[in-house]
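Peer 1: As a plain string of letters, each chain reads:
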Amino acid sequence: MSSDALEQLLRHPSLWRARQRDTMGGPPGLPTGYTALDLCLPGGGWPSQGLIEVLADRTGIGELSLLLPALARLCGEGREAGWLAWISPPHPPYAPALAACGIDVGRVLVVRAPPAEWAMEQALRSGACSAVLGWAACRDRQSLRRLQLAAEQSGCLAVLFRRLRDGHEPSPAVLRIALSSDRDGLEVRILKSRGGRAASVRLGWIRAAAPAQAH
Amino acid sequence: MARPGQPRVTPDVLPSPATAPDPAPRDRPVLPRVLGGGRRRGTDGSVAAAPVARELWLAVHLPHYMLESLDLRAATTDGAAQACGAAPVVVVDVGRGGKVVCDCDARAAAAGVVPGMALNSALALEPGLRVASREPRRERALLDALATLAQEFTPRVSLEPPDGVLLEVRGSLRLFGGARALCVQLRERLQARGLEARLALTPAPLASLWFARAGEEVALRRPDTLPSRIAPLPLGVTRWPARTLQALSTMGVRIVGDCVRLPRDGFARRFEPRLRLELDRALGRAPDPRASFIAAERCTLRRDLEPEITDIVRLRCVVEPLLDELCAHLRARGAAIDSLELRLLHREAPATRLRLRFAEPVAVAGRIAALLQERLARTELPAAVRSVRLRSGAPLEACEEVADLFARDRRHSAAVPQLVERLRARLGGEAVHGLCLVAEHRPEAAQRSGDILVPDLPARALAERSRDETGGAAAPRPVWLLAVPQPLEGGDPPRYEGALEIEEGPERIESGWWDGGDVRRDYYVARNPAGVRLWIFRERRAAGGWFLHGVFG
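Protein sequence lines, in the order shown, are assigned to chains E and R.
The numbering of the first sequence is our numbering, which starts it at 1 and goes up by one.
The numbering of the second sequence is our numbering, which starts it at 1 and goes up by one.
Bear in mind the hints are in silico, worked out from the structure with no lab data behind them.
Check before you lean on any hint, since a few could be wrong.
Stated by the list, open to error - If you want the footprint, here are the derived chain R segments under chain E, 3+ residues with CB under 8 Å:
1. 88–95
2. 353–366
3. 528–536
As the list claims (entries may be wrong) - Across the chosen pairs, the derived CB separations fall in these ranges:
4. A36(E) / L396(R): 52 to 58 Å
5. D304(R) / G167(E): 18 to 24 Å
6. P115(E) / P155(R): 23 to 29 Å
7. A36(E) / P493(R): 56 to 62 Å
8. A384(R) / P115(E): 28 to 34 Å
9. R495(R) / E169(E): 31 to 37 Å
10. E169(E) / T379(R): 32 to 38 Å
11. E501(R) / R11(E): 52 to 58 Å
12. G167(E) / R298(R): 52 to 58 Å
13. P382(R) / P115(E): 23 to 29 Å
14. H168(E) / R495(R): 30 to 36 Å
None of these values were measured; they are calculated from a predicted model.
Backbone N, C-alpha and C fix where the C-beta goes; we use that ideal spot for every residue, glycine too.
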């Protein structure tokens, strides 16, 4: 009787067991464009539901190159493609570079909002965006929780960029990765991955390029 | 004889939930069959063809327009003003001395006050009387609002100042499911606005108006029944000059029927010929062309706040009915607006202006209200608000939402304008923008902030082309471009958080000598010890030096 109840409970879609990561029928992820990284992520790519936290102390070590192939893939979805919202970026994004990576710059929305959390949540809840990138300190856990909930319901790629030291605090995000770089290239440490496990991937020097054109 | 203002129930009565309680179904007064099919079945079962009028005029008469135009209802809904709203109200005309009661509400009428009574007598009857003054400008605004509302039912609306509106509804009957259904809907709309109205429907506009003024809610569809039905109306409904009415009264002519029986020539000679013409028009014997009401281009609404409001939340409760009114106005015209100005007037401080801009033409009150709420939330009132003015922008053609059979991809396109609006309302118009490519060699000029909702097709084509030409990776461009190039210290190569290591370059860019923005630079891709890829250039003009211009994300 009690084991039946347990079985029922375990079949619940929102419950996962760490050792079942391969048999779990979770939603497939969005391929990152880097095979080594895809192998470490549970759905074979960026989770499509829930918040992704990218922790890095510097701009320019490749944190965007890591995401650009996925963004380009989202733009390539044809008429269904949503918008790419950039909320409080540290510098203005440069359209020719984005276009060169295969991103449709006509679908980029840049928002300069000092408290980025509110704008991020609005963008996530609007259903208009297929990806929302936000740069915010997110000091309180309540706003993180709200963002995570909004990201889970929206089903779009939601990325929050924070500082490395924020990695020590708990977070409801589905995936947390810390980026560091040195002379040998970029290292991606997966701090938390729902349905996956912590790992470390050295990607070397990555450079976002236009996705291979299908002929 | 029914007094004007008192609805008299006749067999042809229109459905009137407010005034005529429904009797038992068996003996309910039934609308004549003519309303249904244009044919009348006699008692013997024979079908007689009825002459069908080419026009049917519905008159809407507001017996209490003076009181309703003052909109004391808004004050009574307010908790604080409950006490003063509960007092019986009379309206006087200050312009004519203010000694005579022009109009009174139901509570005052219950105390025995009637229009035309001296104000002092009224105060003697009811000492707690609240005396309000007529405001002709607001009465006119009420009539315009009524006409705008009427335009939802027919395009042909004609004003009958000061208290009536005529609607030609012949063409609208089928759409609204008959005269009865149309009247029910119209009455519901009027009641929602707090207006008590008398409706009458006949083939002649003047006759409808007279019936409505007399409080007889009839629905006559055949012109030949008009003379017999109009005859018993008191002559007061014609609103002829008082001297004329007095003269007729001394002749023993007190109802319309008596007047019709007078010899035509004599009547025209003794009184103005215009009156004879009016009689003919009321009987449907003379044509009665009417000027159509044309609503003002822009909608301007105002509401004075009796107790002044300092609280944003209560202010919202005041503004929302105004938005409903605005949207009714827009609906009637099939229009939408993309901007709106709200002015909050204070007693001493200068007016607070809120300007809302929408990302696309809108005509939905809920959406405007949501945006206004965001805007009000970040507004600080310098003082109490004593009056609210709403002015719509120029009306645009409304683009009706077309439901897609395969509704999946409508999701994004419909939601973006709303998202942009909400963000702009809170963060300001400049805070949200799109990106746009420009065919230009100078890096800082190769993009501009684009407007989001204009689908920039040339730019899109340009993006496609530049990607095809360059193959995507020929000339490296950074994802972040600094707004102003940052000078770098150090010699050759320069330093930025450590010695830089040149990876690629140079890429020479020389351009812009023709417009003053001359650029002569050699661009390099460099990496610092921390692993940050940078886009730097060496100035080739006189000053020289190294600059940081971008960061590869």
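Peer 1: Determine whether the Cβ-Cβ distance between P382(R) and P115(E) falls within the hinted range of 23 to 29 Å.
Peer 2: Holds: the Cβ-Cβ distance is about 25 Å, inside 23 to 29 Å.
Peer 1: Using the C-beta atoms of A36(E) and L396(R), is the stated range 52 to 58 Å upheld?
Peer 2: At roughly 53 Å between Cβ atoms, L396(R) and A36(E) fall inside 52 to 58 Å, so the hint holds.
Peer 1: Taking 32 to 38 Å as the stated bounds, is the beta-carbon spacing between E169(E) and T379(R) within them?
Peer 2: holds, 36 Å
Peer 1: State whether the coverage of the region 528–536 of chain R by chain E holds or is violated, taking the criterion as 3 or more residues with Cβ-Cβ distances under 8 Å.
Peer 2: holds (count 6)
Peer 1: Count residues of the region 353–366 of chain R with a Cβ under 8 Å from any Cβ of chain E, then say if the count reaches three.
Peer 2: It is violated: at least three residues are needed, and the region 353–366 of chain R offers just 0 whose Cβ sits closer than 8 Å to chain E.
Peer 1: For the hint 18 to 24 Å, verify it against the beta carbon of D304(R) and that of G167(E).
Peer 2: Hint violated: Cβ distance 58 Å, outside 18 to 24 Å.
Peer 1: Assuming the hint says 28 to 34 Å, is it satisfied by the Cβ distance from A384(R) to P115(E) or not?
Peer 2: Given a distance of about 30 Å, which is inside 28 to 34 Å, the answer is holds.
Peer 1: Per the hint of 23 to 29 Å, is the separation of the Cβ atoms of P115(E) and P155(R) within bounds?
Peer 2: violated, 50 Å
Peer 1: State whether the coverage of the region 88–95 of chain R by chain E holds or is violated, taking the criterion as 3 or more residues with Cβ-Cβ distances under 8 Å.
Peer 2: Since 0 is below three, the answer is violated.
Peer 1: The hint says 30 to 36 Å between H168(E) and R495(R); measuring C-beta to C-beta, is that right?
Peer 2: holds, 32 Å
Peer 1: Is it true that R495(R) and E169(E) lie within 31 to 37 Å of each other by Cβ?
Peer 2: holds, 34 Å
Peer 1: Look at the Cβ atoms of G167(E) and R298(R) and judge whether their distance stays inside 52 to 58 Å.
Peer 2: holds, 56 Å
Hints 1, 2, 5, 6 and 7, counting from the list given before, are not met by this structure.
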